Amino acid sequence: MTRGARGARAAAGLVLLAIACDVRHSEPGAPPLGRKAVQDGLGRSVDVPVPAQRIASVGPSNTEILFAIGAGGQVVARDDFSDQPAEARSIPAVGSGTSLGLERLVASRPDLVLAAEIYAPEQVRALENALLTAFFVANPTTFEGLASNVGLLGSLTGHEAEATKLQRSIQSRVQAVAERVHNAEDRPTVFYELDATDPQQPWTAGPGGFINTLITLAGGRNVAAGDDQPFPRWSAERLLRENPQVIIVGDAKYGVTPDSVRARAGWGRIAAVRDGRVHSFDDDLVSRPGPRLVDGLEAMARLLHPEAFRG
Amino acid sequence: MKPLRSPYTPCILLLGASFLLSVAIGAEWIPPLRVARILLGGPWLSGDPGPEGTDATIVWSLRLPRAVLMALVGAALGGSGAAYQGLLRNPLADPYLIGVAPGAALGAAIAMVVLGPASMLGYLAVPAAAFAGGIVMVLAVYRIARVGETVPVTTLVLAGIAVGAFSNGLTTFVMLLKKGQVERLMLFLWGGVGLFEWGPIAAIAPYILGGLAVLILFARLLDVLQFGDEQAVQLGLDVERAKLLLIGAATLVAAAAVAFVGVIGFVGLVVPHVVRLVWGAGHRRLVPLSTICGAALLLGADLLQRAVPWLSRTPVGVVTAFLGAPFFVYLLRRERAEHS
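Protein chains in written order, with my numbering: chain A, 609 to 919; chain B, 22 to 361.
Chain B with its partners taken away, still in its complex shape:
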């Protein structure tokens, strides 16, 4: 497909539309005009004792923080997914498949079981523990999967499965140490324990925004890395330092996304692919566009989960799996066709 002229306009419009829809639509129906009035009127409308105040509370205290958190997490997954795919020169890399998300979930689970998720200390410790778990697991996958200078698809997927299963096993073990955690565990492993309040948002926003800024600013390094390590060195790049910077930033972003929302798969895989198909493979565009479209996709998946009655028991990670798994199969088949 021929690259479109201005890729940012449609992406930002898409994000804006899905954000507004997320605020406008929920479990209870509020007429769109009233939603607009509530948004323009400000959060103090919640003080109104009548039904108008109830709707204002629904919009300002329930829907808005949820939409902001989902947008942040989606942006983190999309942006870091694009970065990982470039870093490993492998189109199947995704925070979920290469062990970052399961590792981060393990770290977060340990911190949550020890501290309780909604304490002040928890707000600081949970993302930190998630980052530690994520970086350990992604390095493990990288070491296992690396063959010479490249990371082939098969070894990457296999190493990701092994490390991911090991992490998930440990997470299950840790969570079940505490009685009555099965429901929480299930939700967490499928991206459902959202602490949709401003506290957790404030706790992870700096990591996500800071890490994404690094990835977007240094996206051109990813383009250089595509030539291979040797070529990149000849082009004057300190390859090891560049990789360290990008892996660190991407893992910080992905781990922060997992910390309070749990493991949401496939967003980081699907979004960069679609962006690449439509607007080309250059990372200076790919990373920021994947960030924006990741936010839009996760907002959309969450909207489906909240608005479709028979999905009401389903964590949002299951919805993204429904959308993403068939796409993953398609990619694998195409990969195989190219190699044969």
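Chain A extracted, bound-state conformation:
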């Protein structure tokens, strides 16, 4: 995805910039030491306070990263989607999506608004029109991109050391999964179901996104990897022909279960259904590009290669 690549480049540029500026550390809670220009995920140069002390985090991925690097205490407002970790829920919520409450956001007097890519550039502009400092964090599509986002948020908040620690932990856990599935003989074919409101035409994850990356790293082959769209809609007819060995039910939170998948007309013929390899999955672990992506990778790897995790 070009936006992800751009974000990764922007983040890498920022790390260089941070080194060049030699930002001094500060105690959380102390007033910012100053301001500096940092390039955000929309390619704009944003004049941010260093470090930010009152952060409004709109987007669950950013919120989860902030808490994971010990910057949760600097978060004064969040969007409704930011419900993890549990501590985040005590922070005042200001709406979400298109009903983001701009007035409540302003009233929380943030010195920095961190917007995730689930919010549109137009919404970032609306934040700036309200005289807020808005910083757009692009979605990563690889674990390297995730690590650079972690580093970016670390330097914006003055938690560089914790960010580096988190980056190392992500890297070593990804490495550990890679080693476990490396020796697996088969790489099962996987269908990731995003939404089967119409079970004859379910939506799935094609190439270019994190779901595809996770399936590959977990030792599987995404049957939709060769599609020409990032989120294609498949026909059940095609699914029957492709006959995937594993079906991951990413729409489990909307009430879909392995049993309801089995009960769909014609699906009983698919290898995954016959072999009992239809698994419910917590979609939050793959749809929020935050630190829990590694949990998602480990969960996926256990489903695809249970033999590699025995003992």
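The set of hints was computed from the structure by calculation and includes no laboratory data. Everything numeric in this text was worked out from a predicted model, so none of it was measured. Be aware that one or more of the hints could be misleading.
Claimed, not checked - Partial chain A-side listing against chain B, Cβ under 7 Å, derived: (1) Arg-841; (2) Ala-844; (3) Glu-845; (4) Arg-846; (5) Leu-848; (6) Gln-853; (7) Arg-870; (8) Ala-873; (9) Arg-877; (10) Ala-879.
What the hints assert, rightly or not - Straight-line Cα separation of at most 20 Å, SDA-like style, residue types lysine to any residue; simulated pairs: (11) B:Lys-199 with A:Asp-691; (12) B:Lys-199 with A:Leu-802; (13) B:Lys-199 with A:Ala-860; (14) B:Lys-199 with A:Asp-688; (15) A:Lys-644 with A:Thr-741; (16) B:Lys-199 with A:Thr-865; (17) B:Lys-199 with A:Leu-708; (18) B:Lys-199 with A:Asp-890; (19) B:Lys-199 with A:Ser-704; (20) B:Lys-264 with B:Glu-170; (21) B:Lys-199 with A:Asp-806; (22) B:Lys-199 with A:Thr-741; (23) A:Lys-861 with B:Leu-136; (24) B:Lys-199 with A:Asp-892; (25) B:Lys-199 with A:Phe-689; (26) A:Lys-861 with B:Leu-198; (27) A:Lys-861 with B:Lys-264; (28) A:Lys-861 with B:Val-134; (29) B:Lys-199 with A:Gly-863.
To be verified - Quick partial rundown of chain A residues pointing at chain B, CB under 8 Å, derived from the structure: (30) Gln-808; (31) Ser-843; (32) Arg-849; (33) Gly-874.
All C-beta atoms, glycine included, are put in the ideal place defined by N, C-alpha and C.
Got chain A; can you put chain B on it based on the hints?
Then chain B, alone, in the frame of chain A:
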């Protein structure tokens, strides 16, 4: 155009052809000869472990129930559309435009959000709730649009828009109460949430077939009603009872069509018009022929949706809107030309 001699033969042939094409053509290519072999061989071919069995499953479990449901719904929309046009003595009446379909969608949406669509209780409750919503809204439109004894085009369209927008607003509200329903909602409002399985088909088939039987058997009442209420009374007809019977039957049919497939517009408008142009305006022919041709048209629209790659994300109601909206404009213009 001069009425053709035997109108039923071409219509039934058209329906048969579109049904066979619907089963033969889909997202995946299966050679026609193999489709024929699978159809003749019976549903147990699906047990075959090889690729032949996969194709049999595609035909028997995916395509056939979909084709049957589409044929039922198309028949319901065409037949009830013809009945509404006769009842209201207004050529622009159609289940979508006069509030029945939006009202039924509202009822069905409430039942679905409360019960979940694919439960046993849901199979009974969703069509019932759809019927309740449909009858409330069509009576509202009728009351608002009626001027003296007739229902003029302009007031009918305006009342239909107002009531339809109100219903759709409520449906949106109800659907969004439940998280993560936006996709389902969009599809439902455009006729895309097909539960293409035998359960929903069994749930709505009795209402559709029963209601259509009533409409076809009593179609001559529609002919009498064309003279106006006063004349009809003089001809010995109990006008109020006749209207109640026909509105009830037509609404039952249209609401059942909406219950599991969502709102599909324009079929009920276009089909009776084409039939009238080709085979004349007598309702004893118009109602059954619109039923058959409605089934054929919706099968055709659904076939387009499934077989044309760039329509794969589009609900079938959008396809019928593409086909039907220009036709609607043409009718409005002609109506205006006649009045000036």
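For each hint, the structure was consulted:
1. Checking Arg-841 of chain A against chain B: minimum C-beta separation of about 5 Å stays under 7 Å; hint holds.
2. About 6 Å separates the beta-carbon of Ala-844 of chain A from the nearest beta-carbon of chain B, less than 7 Å, and the hint is met.
3. The interface hint given for Glu-845 of chain A is met, as the beta carbon of that residue sits about 4 Å from the closest beta carbon of chain B, less than 7 Å.
4. Evaluation of the Arg-846 of chain A hint against chain B yields a held restraint, the C-beta minimum of about 6 Å falling below 7 Å.
5. Taking 7 Å as the C-beta cut-off, the interface hint given for Leu-848 of chain A holds, the closest approach to chain B being about 5 Å.
6. Interface hint at Gln-853 of chain A: violated, since its Cβ lies 15 Å from the closest Cβ of chain B, which is beyond the 7 Å cut-off.
7. The interface hint given for Arg-870 of chain A is broken, as the beta carbon of that residue sits about 13 Å from the closest beta carbon of chain B, more than 7 Å.
8. Below 7 Å, beta-carbon pairs count as interface contacts, and Ala-873 of chain A has one with chain B at about 4 Å; its hint therefore holds.
9. For Arg-877 of chain A, the suggested interface contact is upheld, since its CB lies about 5 Å from the closest CB of chain B, less than 7 Å.
10. Nearest Cβ of chain B to the Cβ of Ala-879 of chain A: about 11 Å, over the 7 Å cut. The hint is violated.
11. With a C-alpha separation of about 18 Å, the suggested pairing of Lys-199 of chain B with Asp-691 of chain A holds against the 20 Å cut-off.
12. For a cut-off of 20 Å, the pair hint linking Lys-199 of chain B to Leu-802 of chain A stands: about 18 Å separates their Cα positions.
13. For the suggested pair Lys-199 of chain B and Ala-860 of chain A, the alpha carbons sit about 15 Å apart, so the restraint of at most 20 Å is met.
14. With a CA separation close to 15 Å, the supplied pair Lys-199 of chain B and Asp-688 of chain A stays within the 20 Å bound.
15. Our distance criterion of 20 Å between C-alpha atoms is met by Lys-644 of chain A and Thr-741 of chain A, whose separation comes to about 12 Å.
16. Simply put, Lys-199 of chain B and Thr-865 of chain A have alpha-carbon atoms about 18 Å apart, close enough for the 20 Å limit, and the pair holds.
17. For the proposed pair Lys-199 of chain B and Leu-708 of chain A, the alpha carbon gap of about 18 Å is at most 20 Å, so the pair holds.
18. The suggested pairing of Lys-199 of chain B with Asp-890 of chain A holds, with an alpha-carbon distance near 19 Å, which does not exceed 20 Å.
19. With a CA separation close to 15 Å, the supplied pair Lys-199 of chain B and Ser-704 of chain A stays within the 20 Å bound.
20. In summary, the hint linking Lys-264 of chain B to Glu-170 of chain B is supported, as the alpha carbons are separated by about 13 Å, within the 20 Å threshold.
21. About 17 Å separates the Cα atoms of Lys-199 of chain B and Asp-806 of chain A, which keeps this hinted pair within 20 Å; it holds.
22. Distance check on the hinted pair: Lys-199 of chain B and Thr-741 of chain A sit about 34 Å apart at the alpha-carbon level, beyond 20 Å; violated.
23. Restraint check: the Cα-Cα separation between Lys-861 of chain A and Leu-136 of chain B comes to about 17 Å, which is no more than 20 Å; the hinted pair holds.
24. A C-alpha spacing of about 18 Å is found between Lys-199 of chain B and Asp-892 of chain A, which places the hinted pair at or below 20 Å, so the restraint holds.
25. Between Lys-199 of chain B and Phe-689 of chain A the alpha-carbon distance is near 15 Å, which keeps this suggested pair within the 20 Å criterion.
26. With a C-alpha separation of about 15 Å, the suggested pairing of Lys-861 of chain A with Leu-198 of chain B holds against the 20 Å cut-off.
27. Restraint check for Lys-861 of chain A and Lys-264 of chain B: not satisfied, since their Cα atoms lie roughly 47 Å apart, outside the 20 Å limit.
28. Restraint check for Lys-861 of chain A and Val-134 of chain B: satisfied, since their Cα atoms lie roughly 15 Å apart, inside the 20 Å limit.
29. Only pairs whose Cα atoms come within 20 Å are accepted, and Lys-199 of chain B paired with Gly-863 of chain A is accepted, the gap being roughly 12 Å.
30. At a threshold of 8 Å, the smallest CB-CB gap from Gln-808 of chain A to chain B is about 6 Å, leaving the interface hint in force.
31. Here the hint on Ser-843 of chain A is kept, as its CB sits about 3 Å from the closest CB of chain B, short of 8 Å.
32. For Arg-849 of chain A, the suggested interface contact is upheld, since its CB lies about 6 Å from the closest CB of chain B, less than 8 Å.
33. Satisfaction of the interface hint for Gly-874 of chain A is found here, the shortest Cβ-Cβ separation to chain B being roughly 3 Å, below the 8 Å cut-off.
The structure fails to meet hints 6, 7, 10, 22, 27 from the earlier list, while all remaining hints are met.
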